[in-house]
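Trainee: Build out the structure end to end from the sequences listed, making use of the hints.
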Amino acid sequence: MTATEETADTATLPPERTGFFQNIKNGMLILLSSKTATIGLIIVLFWVFAALFAPLLTPYSPTEQDWRAPNQGPTMKHPLGTDELGRDLWSRLIYGARVVLITLPISDRTWLPIGTAIWGVVASLLFGATLGLLSGYRGGWIDEIIMRFLDAMMSIPIILLYLIIVTAMGASALNVVIAIAIVGTPGVARLVRSLTLDIRTRDYIRAAETRGESTLFIMFVEILPNAKGPIIIDAMLRVGYAIFAMGTLGFLGLGLPPPSPDWGSMVAKGREFILSGSPWAALWPSIAIASLVVGLNLLADGLREETMRYQ
Amino acid sequence: MLKFIVRRFFLMLLTMFLVSMAVFLITESSPGNVAKNVLGAFITPEQEASFLAQTGLDKPIYLRYLYWLVGSDWHGEMKMDMPLRRITTEDDFVEWWAVRKDGALVRWNLEGDDLTATVRTADGKVFKEPDNDRWTADAKGVSTFWGVDLQNHVVKWEKGSDKKVWTFVVGSGWMETTGGPIRYIPLKKGFMRGDPGVSFRTGRPVAKSIFIRLRNSLVLAGIAFVIVMPLALLLGIIAGLKEGSFKDRFLSISGMMFSVIPEFATGIFLTLIFSYWLNILPGATVFGQQAPWERPDMLILPVLTLTLIELGYVLRITRSSMAEVMRSPYIRTAFLKGLPYWRVVFKHAVRNALIAPITVIMLHVNWLMGGIVIVEVVFGYPGLGQYLLKSALYKDINALEAGTMIMVLLAVGTQLCADIIYTFLNPRIRYS
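In order, the protein sequence lines correspond to chains A and B. All residue numbers for the first sequence refer to my numbering, where the first residue is 1 and numbers rise by one. All residue numbers for the second sequence refer to my numbering, where the first residue is 1001 and numbers rise by one.
Simulated from the structure, these hints should not be mistaken for lab results. The structure presented is a predicted model; accordingly, all values stated were derived computationally and were not measured.
Short, incomplete list of chain A residues facing chain B, as computed with Cβ under 7 Å:
1) ILE158
2) THR167
3) GLY247
4) THR248
5) PHE251
6) LEU275
Covered by chain A, per the in silico footprint, the following chain B stretches (three or more residues, Cβ under 8 Å):
7) 1254-1265
8) 1270-1277
9) 1385-1398
Quick reminder that beta carbons are idealized off the backbone N, C-alpha and C, glycines included.
Mentor: Structural data, given as structure tokens:
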């Protein structure tokens, strides 16, 4: 919830430096005063908790097959039904949320904390911020080259970029992160560049230059922290888009390799069985991804509206 | 203005060049194997090598890119020291022939150790004759000959060579022959001269299938566009008229929901509702030759999916633009002057409020393409997006490059159009 506290920080403009908990409290107050943001928060929290406590919420493993019960509707034993291999859909759904929000599987055994979609956003922030800072602060021919290059990248249809990147590198969670990062980079870079162009004219930058600080120090220690507000709000919207992208890639068969629970590929597989009479395997993951993305957008929208009102 | 357009045009060509090179490099460096994709997993290494040589895939990457970009006939002509010509036969096959000094067209094949020439005269007569005088001995005393074979390659034959060649003929399987050529240059005109090459996946020239696919996609996008535009602009204006009213909140929140839900999820919801529970519309598209017009009812769900997604986006843009205009001082002045409400709305507000949406929509084509690819996959619609996806997964480089170029051209071209239209709608903008 760093995003909340940051927006609160810039929005309410407290007279003196307030503590960490005070920041969170202010953020929550803003959040809860908007009905849309509250609804969004509830949806997002639902998925975060489901993902976090997935092993406690279901007795089944997401890859456990039951050949006696394929393509079932909701029953007492399987609350959301089963897929074509008899795997429990509720279990696959919440473990799928885990991949999106909580863990980044690297191989069969190892995984990193923080979800795949979020890593994608973090990586695009890293690349984009570096390029944007460099471009905006140094200017000149470096700026020209970087911006022309990013323009060219932005003019390529996004779906094409995803297709080429992921087919080239093969389907895995790490490659999905890379794809999301590459596609997101130009947007972040442009935002950071425009913020940098503004900030670099300030007096404290001139002071740092006079002190003889290195370019890297000025870029990352002087400029970046002063540009964080807009970057963080932008990042929140990007998380929603990264989840969207992850689902789309999974649906096209470019997401996590089977049998890992991946919402997009669950829909792609379940789709084949709709017309033969079992819609559940396609329905639940579609609802899951739709609700999570809508929740995030409601949250970001409500938050933006409220902070604007405070300003 | 003209300078601006020319500059952007060259920037577009540069983008296409860079993208085509990137696609080539990335496809090259990725895992997977075209030979195995085309011929199945059980080919022998010799068969694979023979296939790679015949398709020119064994060449170094810079040469293949050059062949793809500007063609390979110049290279063949250099090796053969004879001009080459491409003709289209009565049966609509593309054939490459060498041009003899007397103007007749000629190709060769090897029968045993004898070189046999197939000659095609200007009046269309075709006959065969032995042509053994063309062998030239090199320094080691081996007789070699560079010529055009019957499968549109420039090849190098070596007399007495026992090189085995496997040719894969669709329908009849492998044909093994000995004494085959030792080097191949597959002939093509190159993308810049209007020949995107042959697709490995379908075995047909890319140019023949890709435009049909493009037309199908354009039909889908066109119908959706015609429905979306008036509806979204109207609803957006209604929502923007009174910011914060119930109508506004309802329209903008549902618009947001439609535009952020992934296309495949929307597609699944609509399929479930209309073809599974209500059972009134077909949930997949199965077209024959007359696609897409033979079953208009199959178009309804794909168009509806695309419409919902675009509707939300355009609606929100129009709404915010309209709301901004309604807040502006000149609108307040118009009201205070005592002008009737609807007159202020239509004569003063709407015209200014539409500038932003119209240009933003053009910029949105980039995004729309992504939507179309997904919708095509969801409903099995035979459009460009599905073609592109299959080509990418198959590593079918010629088809992938052609599809990519079309998409980049569309995306960059519409962005240029948007910029030009913008100068007409908003005369304050000047490009220099």
